[in-house]
Every structure is written in structure tokens, then in C-alpha cells.
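Residue numbers (the numbering used here), protein chains in the order written: chain R, 589 to 1244; chain Y, 337 to 680.
Source of the hints: derived by calculation from the structure; they are not laboratory data.
All figures in this text were calculated on a predicted structure; none of them were measured in a lab.
Mixed in with the good hints there might be a few duds.
Claimed, not checked - When the alpha-carbon atoms are kept at most 20 Å apart in a straight line, the in silico EDC-like pairs for lysine to aspartate or glutamate are as follows:
# : chain 1 : residue 1 : chain 2 : residue 2
1 : Y       : LYS554    : R       : GLU967
2 : R       : LYS966    : Y       : GLU497
3 : R       : LYS857    : R       : GLU976
Residue strings, one per chain:
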Amino acid sequence: MATRIERHHYDVVVIGAGGAGLRAAIEARLAGKRTAIISKSLFGKAHTVMAEGGAAAAMGNVNSRDNWMVHFRDTMRGGKFLNNFRMAELHAKEAPERIWELETYGALFDRTKDGKISQRNFGGHEYPRLAHVGDRTGLELIRTLQQKIVSLQQEDFAATGNYDSKIRVFSETTITELLLDDTTSARGEAAKIAGAFGYYRESGEFILFEAPAVVLATGGVGRSYKVTSNSWEYTGDGHALALRAGATLINMEFLQFHPTGMVWPPSVKGILVTESVRGDGGVLRNSEGKRFMFSYVPDVFRRQYAETEEEADRWYTDPDNNRRPPELLPRDEVARAINSEVKAGRGTPAGGVYLDVSTRMPAEVITRRLPSMYHQFKELADVDITKEPMEVGPTCHYVMGGVEVDPDSAAASGRVTGLFAAGEVSGGMHGSNRLGGNSLSDLLVFGKRAGEHAAAYVDALSARPRVSTPDVEAAVDTALAPLQRESGENPYTLQQDLQAVMGDLVGIIRREGELSDALKRLQELKQRVVNVGAAGGRRYNPGWHLALDLRNMLVVSECTAKAALEREESRGGHTREDFPKMIPQWRQVNLVCSLDDNGEVLLERKPLPRMRDELIRLFDRAELSKYLTDDELAQYDAVAGSGEAAGATNKTEATR
Amino acid sequence: MGTKRRFRVWRGDSSGGEIQDYDVEVNDGEVVLDIIHRLQATQTPDLACRWNCKAGKCGSCSMEINGKPKLGCMTRMSTFEEGEVVTITPLRTFPVIRDLVTDVSFNYQKARETPAFAPPAGLAPGQYRMQQVDVERSQEFRKCIECYLCQTICHVVRDHEENKKAFSGPRYFIRAAELDMHPLDAREDRKEYAQQSQGLGYCNITKCCTEICPEHIKITDNAIIPMKERVVDRRYDPLVWLGRKILRRDELEDRPGDGNGSMAPSTSVGVTGVAAGTPFSSARAPEGPPIRDDGRMDVTELTMPHQGGPSPFGDDQAFPLPPGNFVYNHPAPGKDEAAPEGGH
């Protein structure tokens, strides 16, 4: 069979052109590596543009009491202590540098009065911490990184006469398979990455990258859900590629449902209303007009949140002397509260609750502070948020789970080397729940690290891994198969069926019976996906593209459903109606997914790494007692005691 | 419950194509992109169309709806009359790849040619200090979602393939303006660059880009005019001014873009179908904005014969076009050299 395959040789191939991918590519190029960026969409259209609130970084520009330790604490708290502590630590420490760096690339953040980067309040963050640009921070981030890449290409053009000589963007290109060096795996070692295989969406022609290092930065999995804020690209490609290459996924049961997505009109169902609407004074009310969040403050948060509307309202102007409004609880708490109100029959006609800023501040303040929100609602829904409340409800937004990585190098764990992951596709950083604003900074911190370590890995290799021809032939066959089954099943129908299974049975509130049922249905879908067909040719054929994405969505959905069934507790982005409590013993467990030799999902329990002494000392005993087992608390007491004896350097910080 | 509506969608590729009719269900509160997705899911699984965020933030789903360039995700079905036929065609200014997907690499090429932000020497990361009032001007332009609607509507390139070489288009004028107004950008020559290398002079301020911008960026008033004005300001020379007063336009040396004759009035050679032989409104002598006695330009366009400038579709063309007799042939690259196809 004479199939044309375009071959390219690179040092580092970055799959994904969102914040993490672009930042990784910049770092790899700065390290002198020939770098390819693969983007499923056009360059600059990545889902990162949808991030509205901001990028969390403890720069202390607005409140000088903020520092990395406070940020670290908030992150661990938000993730219910399931986070990989080292990732949370690196993230909190390095986020300010990564933000400042963006300014040298040309980013224009909103400013404080003294000309520094302004920072805003956000759910779960103790101090104003989110660097922002109105409510289009994600767009600013992607544009800045995109323009930095163009500027590097301009430097390369000046030096070599070719813009693409050191860093090239392959837009509208999808990777379907990672390729391994067979000789390494045959010797029983971890297999080395040798390249990546995919197709140009535009022409349907195949493309093969031979490269010793691959950075996955493909984002999330939301397209497997009925109501989602995610774009079509979020089909879990990186998760699935990693699994098939022998890497492992962790925390796949934890999905974040953003509490406030639009529920009306139906065409924009799922689109987010940024949390900063609440940070700036927006309140949640049910159909009876009650500000219901006061009834949903969990015990662990009781001390930090206001108990009366009066105190909550004073907080906006005097945050030092008042506790914050319960509308600013972490997202999962808000999502659950809304879900409960709707289930209790106090929801809006479209099945949400009201989010109101119109009665809280003058119209011109709303349009100035939330310009694109105003714009979006006006244009998409013909709703004027300065005059009437919005109708909002939970929508699938972010997957905390992802590729298990080494915290410092972003290298994937498992039976593969040369594979790195950063951003939403990686797991561990956010634990069981991500704080708003931590995602944009996560992209930058770990994108940089992934690019840097991928480059270092390439330097340390003695010989280039080789792509094996049979693997490429197999990848070609798999990719062409749906086109040869013109009368096969409609890929759009299959996607809808998958979305129904995941949305109805593995959604925001989960039960054992439904999860088992979901696993059964996923097996049935697997059989049907084998027979998926795509009419039409190879040129820009969305039906074919979806047919190929489906197998990724399926395997990742299976990981989520299996892990959700296994974890018999409720924590962060995983709520079991049959196990409503958070259980300290479960905090010590990571659920790790891999593929066995037959391609079946294998689920294992692995222990969490133990937090270093000086880090655990940053927390109050009272707070830790809600998360830790008795044994762990005894260990903490020993550590805390010795710490104080040794001089208690962090004493003021730790007991604030 | 939904009602059936008639949709006409251009199907084809670079070798040609035609508008095809579809009857498809439409529900309350839907936008045009929803209908395209329904077509894909139920009738035409291989209908090619770009989209990403479906919220007017990524600028992927640009298409021409009843002849007007728009974002599919931002065009509510309720804006059409009941029973109105909706015709969807690809962006006309760019070569078609397949169906509604066009090759927009022109824009990426122009982006590469525009010099990047030049960081100020001696300022370490974290030391940048700027006032909100100073960053706001550039921030307006950074709202751009790169949907390229302004690029596709701009008549300098819409019907003049040959201008693409020398003309960067509104998207890159606002990029130049953004950097020009950036409080810390170290380059001083953004305006000169826009004039000399981006073809700013080709723009005769018809404001089509501003009107079409889904982000409501005031491209003409806040970027193009200030850039032009200050370039004129710097290049002002009394002798040039006198020359402008006493010489005929065609005797002036530095008519913008005159070097390669590409600003000559267009003919309707490349137009086929029912519109064949109809001159474009842009088929008039290119004319810069009037220059006042002090050598500056008016900042508003109130002095122009039409406020907001002429429509590239012709001033007497009302939208939407009458259903049924809307013919669309995607212009081939190099159409201007090609012989007229003639007829319908």
C-alpha cells in the first residue's frame, strides 16, 4: 500500500498549542532544540483563551502579606490535601516569575495604582492573587505566548533566512499515536519515545515526526460530557496517547464541574460565567430569592466565611476585618450547593439558579469590571446582566486527573521515557480540586519545566531512538479504518451516546449502581466504536476526525468511571452519594490507571508521597485534623514539636 | 419545539463547488453554528467548518452569512425573519480549502512580518511599571480574537488578490498601533513601519473593519487614523504640502501604493454569476483622506461624503440578499489574470 507520509525530524515535539504547550516550546527552543508545535486548531485558538479570571501568583502586589507559602496552603486546601505537594510547592514558588516573564514578552496586565500588575480576589485564595486582564486573561496569555514564538521565529529568520528553522507550528494537525523504540522495550527497559504519528486535518495527509522527546500539552477531556465548557478539541488525546505509550494516569475520578455555567439559552449551555462575577460582588439566589450559600458552608471552612449577609457585604470593601462571603467557597462546594437547590425544587425554569450582579452595583461598574461577560451575555443570549440576573448551573469544566509525572521534570511515570506532560493533561498538581486561577499559572510553571527537561533529556541521550516501520504501518491502518467503513456507525451518534453515559452516570453526583452501569455501557460503546464509519474523503472531514478521537474519549472515560467506582468517599471533584464523607484513609491513596498488554484499563492504588516537614508545619493542627489520619497527626505533632524546639522560623507565618 | 428551516451551504473545495440546499431543524435560542453542527450530525457528517469555543472568544467560526462576514457562534437564529432562507458561504477573501474552511495563512504570514514587542533594556522581569490609563489603549487592541473578519471585509484585499503582498490589513495595523502605544516598547518606528511595510497608505478609511469587528475594537478611529495622522505629522514638509495643493493627483510622486500600480481601479473581471459586470464600489480611484491646511488629517470622517465610507458590497446593496438568487463562486487565486468566465 503506497501511503504518502511526510517525515520530519525534531528534537522536541510539543503536542498541544495552548498555554502549556507554547510555554514548553519556548523553553525547548531557548535551550537550542529544534522544536515542533502540533495544534489541532489554528495557531492561537487554543482552549486557554476561554480562561477568564486570571493567573494566580503570590506576587503580593495588592496585599503584601501574600507569599508562596500562603499560596501553597490555599492550593493544598483547595485540593483537599490530595495534591502532589511538591508540584503545589513549585507552582506557588515559581508562578510570580512566570507571570513577570510574560511582561517581557509584551503582555499587558491590568495595573495597580503604583503601576504593578493588579491582582484580584478569587474563590479559595486567601489574598487577591490573580493577575488579570479584564475578564480575558486567557486570551492575553495565549496571544502573548503566540507572539513570543513569532518573535523567536523572527530571530531565527534573521539568523538563517527561514522562520521555521528552529521552531515550527503545525496547525490543524492531529497526533493519533506515539511511537516507541522497540529495541529498548525488547530489552525489558522502559521504552524510549521515538516519535509521533498523525495527520493534517486540512488534507488528510499523514505526517510522521521522528523525535526523542515528546511533551504532551493536550488539555482535558470535557467533550465526553453532555454539558461542558470545553471545546471540541478536549477529547483526552494526551491522556490516551500516554496510556497507550505505557505511561500512567492518576486522579482520573476528579473532574471539576464549574459551578456557574450558562444554562440559558440552550445554544450556549455550558459556557462559563467567571468566578470573578462573585469575587466582585455577585450573589447566588434560588427561585425563592434566598441567598442560599450561607446554608452550605462546610465545617472545614466555617471559620473563614461570613455568617451573615451584612458581614459578607462589608468584606468587599474591608477584607481585613471581615470574613469572606460564602459565594467565594471553592468551586466544588458551590457546584454542590447549586445542585442541591435545584434538586430541592428551588431552581430556575432552565434548571439552574440565579447569579445576580444587577442589584449589587451600578451598571457602569459592571460593564467596566466585567466587559466581556457583559458583551457575551448581551450578544449570545440577549440578557443584560446590568438589568437582570443570569441563570447558571454546574458544567463540566476541568479534569484534575492526568498523566502521572515527576514533579520537578514533568516526565511521565510508567514504562516509557522521553515523554513529558504539562497543563491540564498532567495530574497531581491540583489534587482533588483545582482553585480558580491556578490553571493559568500551572500552564506556565510546568510548561516551562517540561520544555526545559525535555531538552535536557535529549542532550543526555547517547543515541537517537528509532521509529519502527511496522508501528507506523499499524498507525496508518488504524487511521484509515473508519474511511473504509462508509456504512459504519455514525461517529456523531456515538459521541452523543458517550456523552449521555458520562453526563448521566459519571457526572457531578455519583452512585455505585450508576457507575457499574456506566462501565457496562462503556464496554458496549467500545464494541460500537470498533465499527465507526466516516463518509467522505480525507480532506478536512470532521466526521473522520471525530471517528478517530472517539477511541481516546472512550479509554479516558473508562479510567474516570473505574476510578470513580473505586474511590468510596467524597472529596473535591468526586462526590459519591453513597459515601458522602471525606475519609482520611482515602487521602493517602492515589488511584493509578494504566493499560495492560491487552489494552484493558488496569486500576491500582498507590500511596501519596509524604509532605516534607517544613511544609506540613505551615498548617494549623486544627485544620490538618480534618484531613489526616490519627497516625499522620501523631507524626505531625512530633514534627511540629521538633520544629518549635529548633527555633520555629516559620512560626508567624504558620499561625497567622 | 423546533421548526424546519431552509439552509443553503456552499460545498466544495479549491477545484470548485456549489451551494446546496438543506432543510434542518432550528430550536429557540440557537445560533448558526448550532445549525451547522446539526447538519453534521444528521445529514452531512463531512461538512467542513472550523469552530472551537462557541462563545465568541476564539474567532474560529468566521463565515459569510447571507453574504456578510460573521462569526457563526455569534449569529443568533432569532435575528432572521421567520421562514428566511439562510445562505452560508466561506470567507471570500481567502482561498477555499473545503466547504466553509478557508486558507487563512495570509494572516499568519503578515503576523510574522510584523516586528515583535521589543523589551526595554535594563528592566528585569518584575520591574515593569505602567499606569492603567497608559496600558488601556493597547489593551483595546489586544482584545482581538483573530477572527480575521476585518481582513476579509477589507476591500483593499477582498477583491484585489494582488494587493495582498504589500498590504497587511486591519488586524496588523492594530498590532502595530498596540505596540506603538505600549508604554514600554523599545522600538520607535512602529508608525513608519506601518506606512512603509504594512501598506497603511492603501487604507482609505472606509471603516468596514470597525463595523464588522465582533469585539467592537475601534480599529479605524483608535488605531489606523492615529497611525496615519502621526505619520503625516512626521513626514510633513511645506514643499510637499504645496505640491499637493498645486499639482494634479496623478502628478504627485508618492501616491500611496502607486509603485506597482496595484491601487489602480479594479475591473470586475473575476466576477462571475449574476454579479458579472457589476463594478465593485471599490472600483474608483483610491483616495487618501483629506489633509487639512496644517498638514494633519481630520480625526473623524465627518467630512467624507458617506459617513463610515462606502460599503464594499455597494451602497445600494441591502442585506440580507433576497433568497434564491444568491449565487456564490469562491474567487480563485489569480482570478484577476484569468479570463472572465462569463454567464451564469
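Evaluated hints:
1. With a C-alpha separation of about 18 Å, the suggested pairing of LYS554 (chain Y) with GLU967 (chain R) holds against the 20 Å cut-off.
2. A threshold of 20 Å between alpha carbons decides the hint, and for LYS966 (chain R) with GLU497 (chain Y) the separation of about 36 Å lies outside it, so the pair is violated.
3. With a C-alpha separation of about 18 Å, the suggested pair LYS857 (chain R) and GLU976 (chain R) falls inside the 20 Å cut-off, and the hint holds.
When each numbered hint is compared with the structure, a violation occurs for hint 2 only.
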